[in-house]
Amino acid sequence: MSLLEIRELSVSVDGSPILKNINLNIGKGETHVLMGPNGAGKSTLGNALMGNPAYEITSGSIYFNGLDIKGESADKRAKAGMFMSFQNPLEVPGISVSSFIRNAIMQQTGEKIKFSEYRKELAANMEILNYDASYKDRDLNVGFSGGEKKKAEILQLLMLKPKFAILDETDSGLDVDAVRTVSAGIEEYQKNEDGALLIITHSTKILESLHVDFTHVLVKGEIVADGDASLVSEINENGFEKYI
Amino acid sequence: MRLNRLHSLTWNALKLNEVVLEDKITLNGSGKAMVEKIPAGVIIGNESCSDCGGCDLKDTTALKSIKCGMGEEADAFFAKASKDVLMVHARPGRKVSEPVNIRYLMENGDSNADRVEILAEEGSSITVIMDYSSSKREAAGFFGVQTRVKVGAHASVHLVKVNLLGSGFMCLDDIGVAVESEGYFDITQMCLGGKRNIIGVAADLTGYKAGFNGDMGYLCMGSQDLDMNYHISHHGRKSGSELNVKGALRDNARKNFRGTIDLIHGAKGAVGDELEDVLLLSEGVINKTLPVILCDEDDVEGTHGASIGRLSSDMLFYMQTRGFSKHEAELIMTKAKLNSVRNLIGDEQTHGRIQYYLEEAFK
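The listed protein sequences correspond, in order, to chains S and W. Quick note on my numbering: the first sequence kicks off at 83 and runs consecutively. Quick note on my numbering: the second sequence kicks off at 5 and runs consecutively.
Source of the hints: derived by calculation from the structure; they are not laboratory data. Mixed in with the good hints there might be a few duds.
Computed Cβ-Cβ distance ranges for the label pairs, DEER-style [what the hints assert, rightly or not]:
| hint | chain 1 | residue 1 | chain 2 | residue 2 | range |
| --- | --- | --- | --- | --- | --- |
| 1 | S | Ser94 | W | Glu26 | 52 to 58 Å |
| 2 | W | Thr30 | S | Gly225 | 48 to 54 Å |
| 3 | S | Phe197 | W | Thr30 | 35 to 41 Å |
Keep in mind that this is a model prediction, so the values were computed, not measured. Where a beta carbon is used, it is the ideal one built from N, C-alpha and C, also for glycine.
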């Protein structure tokens, strides 16, 4: 049984159909890459999977761990083990990075966590992301550069340890060094053998150091090609032209 | 008693021109100020003893003419209710790093009004924390305090006001400030407790480059009622003011906010800015906001902005993807708003008290 099963999924935004009859299976521990030109509907799929109410599922179904989650709110999906890293992470004034993540862990697990252990784990993960320790006490994403915001997203990924994570354009707007750092964080997540990923991107920079199992090409709301990691290299060389 | 009257009246239909206090206030004098710390460089005493020669409290006659935010009827009330004045005096040039802590522990049935005067002489700096609290959450009574502050040239005052009174308290918090050349007045307020709270703040920026910064955080729940009136008058050239008011309303709470930036003729180069940020958590709340900018000078800048509403759908979705339900997301964002004000209070003990109060409130 797949961890995530998407069957004949169609999604509209403000009444306009964006995704048409998407089928996708993602198993435990698998890394899938969803590529496609701008406006193909990649982020729409991520948002629909995560339960963003602005994205209306007009037909089809989504099963996570065998359960139909189509009608569930985003927080229930998160508690079930889903996660999404945002393309444009929001600023949360008044809550420190450390406090936000700790609260999120407690919300998801329903259990209190030992502060000393938590701080230790947080420090270790921040080190992987080459994150200055002072950031843990700063308000989440407030005044952060684009790169620091993306690091904060990956830090949450590492701390929350979801079963399945959608990384929506995590590499967009990052310089080469920042992409490398964020990749290191994703690689760390991949070490968790059960953790599955759907990496949404239209560039291939972030994939260079990551293990990829499957690649899908989305064009005009439809998956037009599936393949293994070699499809990434092909797109890197030839672009999306042949699929448009 | 008519309080918090607008300088420039607006439509009566809005019912924001003033607040009328019909309740009869009976004082029993219980609930006195406790000064917890007297740092070096600060003199504290009562007006009644200032002429005795035993201490060198400066004559604070000049403070008496400072206008407060609630208006003349409040002046008369406080003059009658509180015969004595607690005086805090920072000597010239003294930079006092430790805060002066003035606590009022108001228990059930306590009813008291007090007057406080703070004088920061030229080149001095001082922080005064005034904390009104009750040990029992359901305590009821009355507490009023009128605070006048004179900030001398090149001096700075940080005034912190924290209201953690019991849920049956009425509280009048009347403040008047005068700031001289290149002086700076910073006020941080947290209004969490009490049943009915009325706050009036008037600031006269009299000197060249006189500055005012205000940060106010509030949480109104149940049937709490908060009425605020801020009037910042720019007299001095290049004087500057910034006011940030943020909070949340829940259940059937009511809140009025009046914020006036008064750019007076002659205040060339003055800049005033006010911003309100309100989170509405229930259908039954009543929120009224009246930003006013009065301008009698060409070369000035006055701006206001407001963000009033529910948690944005983007923010809610972001929080939900981290496992927070809508209710939990609202709570955490309310705490975040209040924490962003609380964090401006540089005192661990006061932080702790606010934290505890909020944790209890959200149980």
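So which of the earlier hints does this model not fit? 3
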